[in-house]
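Use these hints to put chain B onto chain A, whose structure you have.
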Amino acid sequence: MSTVTPTDTTATSGGAASWVDDRLHASGGLSKLLKKVFPDHWSFMLGEVALYSFIILLLSGTYLTLWFKPSMTEVIYNGSYMPLKGIKMSEAYASTLDISFDVRAGLLMRQIHHWAALFFLAAMSVHLMRVFFTGAFRKPREMNWVIGTVLLTLGILEGFAGYSLPDDLLSGTGLRIAQGIMQAIPLVGTYLAMFLFGGEFPGNDFISRLYSVHILLIPGILLALVTVHLIMVFYQKHTQFPGAGRTESNVVGFRLYPIYMAKAGGFFFIVFGVTTLISALVAINPIWLYGPYTPSQVTAGSQPDWYMGWLDGAVRIMPNWETNVLGHTISWNLLVPALVIPGIMFTSMGLYPWIEAWVSGDKREHNLLDRPRNAATRTSLGAMALSFYMMLWFSGDNDIIATAFHLSINQITLALRVLIFVVPPVVFIITKRICLGLQRKDRETLLHGYESGQVLRLPHGEFIEIHKPVSLEEKAVLMGKADIAPLPAPLAIDANGVANPKAKAGAIRTRMSAWFYADNVAAPTALELAEAEEHALHGASHGEISSH
Amino acid sequence: MAISRRHPAALFAVLFVALGTTGAAYAAVSTGTAPQAAATSSTQVDEGKQLFLEGCSSCHGVAAQGSSDGPSLIGVGAAAVDFQVGSGRMPLAGPAIQAVDKPPVYTEEEIASLAAYVASLGAGPAIPSDEMVDTSNADLVLGGELFRTNCSQCHNVAGRGGALSNGRWAPNLMAADPKEIYEAMITGPQNMPVFSDKTITPEEKKDIIRYIEELQKSENPGGADLGRFGPVTEGVFIFIVGLGILIVISVWIGAKAR
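These protein sequences, in sequence, are chains A and B.
Going by my numbering, the first residue of the first sequence is number 1, and it counts up by one from there.
Going by my numbering, the first residue of the second sequence is number 1, and it counts up by one from there.
Treat the hints loosely; a few may be bogus.
[Said to hold, decoys possible] Listed next, the in silico DSS-like pairs over lysine-lysine satisfying Cα-Cα at most 30 Å (straight line):
| # | chain 1 | residue 1 | chain 2 | residue 2 |
| --- | --- | --- | --- | --- |
| 1 | B | Lys179 | A | Lys85 |
| 2 | A | Lys441 | A | Lys475 |
| 3 | A | Lys85 | B | Lys102 |
| 4 | B | Lys198 | A | Lys88 |
| 5 | A | Lys35 | A | Lys237 |
| 6 | A | Lys475 | A | Lys263 |
| 7 | B | Lys198 | A | Lys85 |
| 8 | A | Lys475 | A | Lys139 |
| 9 | A | Lys139 | A | Lys504 |
| 10 | B | Lys217 | A | Lys88 |
| 11 | A | Lys88 | A | Lys263 |
Honestly, the hints are just simulated from the structure, not real lab data.
Isolated chain A, as found in the complex (with noise of 0.2 Å):
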């Protein structure tokens, strides 16, 4: 009876993980992580929803995936919506009727899908706003900007392809147009749309690839690509807003764990519920009004989801412009639109880092966020960016305005080929006056105090306002600026008599630098501050305060 047993080291609180642990020691690489910090700030966590967004958008279309049939087979439907019972239609849209109308909580996750969608895509461009004007792009983080815009033109294409998959009116229509830009590529543009849809529009392949598409390879990389970005975010750390004790080499935060666990987690499930909430109450694309796509029938109000309305837009604002070359026809309608104006935007989004970095010269890294108004020229091109594409999204939905406001749908293209180029400028130039405004008035803060409300009259009649000097944690955001100067011209000849052959180009660059950094408004100098205080202290004991 005296066997000996073996003492279970692993048998205590914490068995489990020991158990991991001393088969992978990943707890040294695990509690790095699980300590590491985080700033906090609302704006920080747009990203989290596109994340977020992302995973419900997994879940729920594997769901979808288990129903939806893939194929342009025709068959008659004969499932429980009355108004299309016995109609020809495609396999594909007859399957999304029946998640629709026959699959337990089929709608309800139609819908979920489709909104975490637009909330994946909406998320995404406010996070690449917010990192676009806060200045989160500049060095060493550039490598996540590109693989953000990726991420966002894949994310596009992503959302498109899976608008196009039911196969209702709205999506062929859709996909038609799709056609006809591919068809717009110069020599290639017809055999490619041949070889992709095989054969004829709309042919009986094309559901079926880009059903391949839109649940394997652009999710699959999309998830590559987001993996990518976190651990880019993890490893070089969070920016954060200038503020007390916050440098360029420092993080002031919370820990991962658990702070950030907590509130990360519970702000998936914020986020989750919030989609499932306005998925069940809100309808999105009611599919079965459109009916099965045929080529011979369209919609009034036929528009793309919002992420592509700029596109579409770009497309009904073009003159019909084109030219007949030895027989072949250059579609400028098309091919300006659709192909050189997003291969233009999406470009120099991509380049913008290293674009700035050669007008400022500025090699350092920024661990520190601008606050929007401090690099004025660069928000004001963001604002000018923004204006442009709001301009292309109203003129995707002119025929919606139309009808909404009683407004004339020619009218509204007009004006719009005139405002696409007239609003971009004066949004330009209003951004950076408000911009250097505030400028200005941080600047007045630091050196002579914030208006304090306080209004004094004087023996002599005078009335003064009191200012107060700002709070310690205010005036550390204030000083937070920091300012690039204008590169100096550079020399045409050097110090040996020979001319420098990059005269001409660094020439471009000082002029480019100028118009960037000219109208900076400085921060007060260390000398300018603590003149300013002094003369507050001795202002204050002499009565001198009335000179103001």
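This is chain B only, laid out in the frame that chain A set:
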């Protein structure tokens, strides 16, 4: 029946009609013309003519032959009058790119008289009978198919209307009654093409009306329909309501940490 909806023009219309009929009666008595044909339709035509001369002829011409301000009404039929005047589109308040529907200015009897007069000018589509717009046995599925093929490109797949060129529009069908829809199809008002009985048979017209009635129920299995305007309102909703809620929550979570 009293005028229940008091349109600002109603008073004028009443005055106009009253003065007109008094004048007409006086003219009839004073000149002592020979008695009219006994048929009621004939008196109806005369009444209609009188109303027409007073209210319509300034644009459509005294013999309904048309002018630079309005088209000829010879051969448009009673259905066109019933549609245009019955939906308040006529009389036109002023020159406009397209007539707007408003509470009718004339009473039902007056509209019938006007219709009878215009019908007497030349053969045209007649006002559909109740039986012709009775959709109780209509084919909903075929109606939907026909609606999507023939109507949705202008009126939108859910019948919510849409924009046409140069400020014209295809109206929202949510308040259209069966007779109105039928008349619109056979007369082609404003920018709408005529859907003759050869293109779409009377039975098929019933099917289309049946489908529109289904759309008018606005049953939404998916929840609130956001006006059934399509993806535009969905996009506006996700930014304002969806992201709005999440940003408010983000600010709240961010604020708690301070």
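Status of each hint after checking the structure:
1. B:Lys179 <-> A:Lys85: holds, 27 Å
2. A:Lys441 <-> A:Lys475: holds, 13 Å
3. A:Lys85 <-> B:Lys102: violated, 37 Å
4. B:Lys198 <-> A:Lys88: Holds: Lys198 of chain B and Lys88 of chain A sit about 25 Å apart, inside 30 Å.
5. A:Lys35 <-> A:Lys237: holds, 12 Å
6. A:Lys475 <-> A:Lys263: The hint holds at about 29 Å.
7. B:Lys198 <-> A:Lys85: Answer holds: Lys198 of chain B to Lys85 of chain A is near 26 Å, not above 30 Å.
8. A:Lys475 <-> A:Lys139: holds, 26 Å
9. A:Lys139 <-> A:Lys504: holds, 27 Å
10. B:Lys217 <-> A:Lys88: Holds, because 25 Å separates the two Cα atoms, which is no more than 30 Å.
11. A:Lys88 <-> A:Lys263: violated, 50 Å
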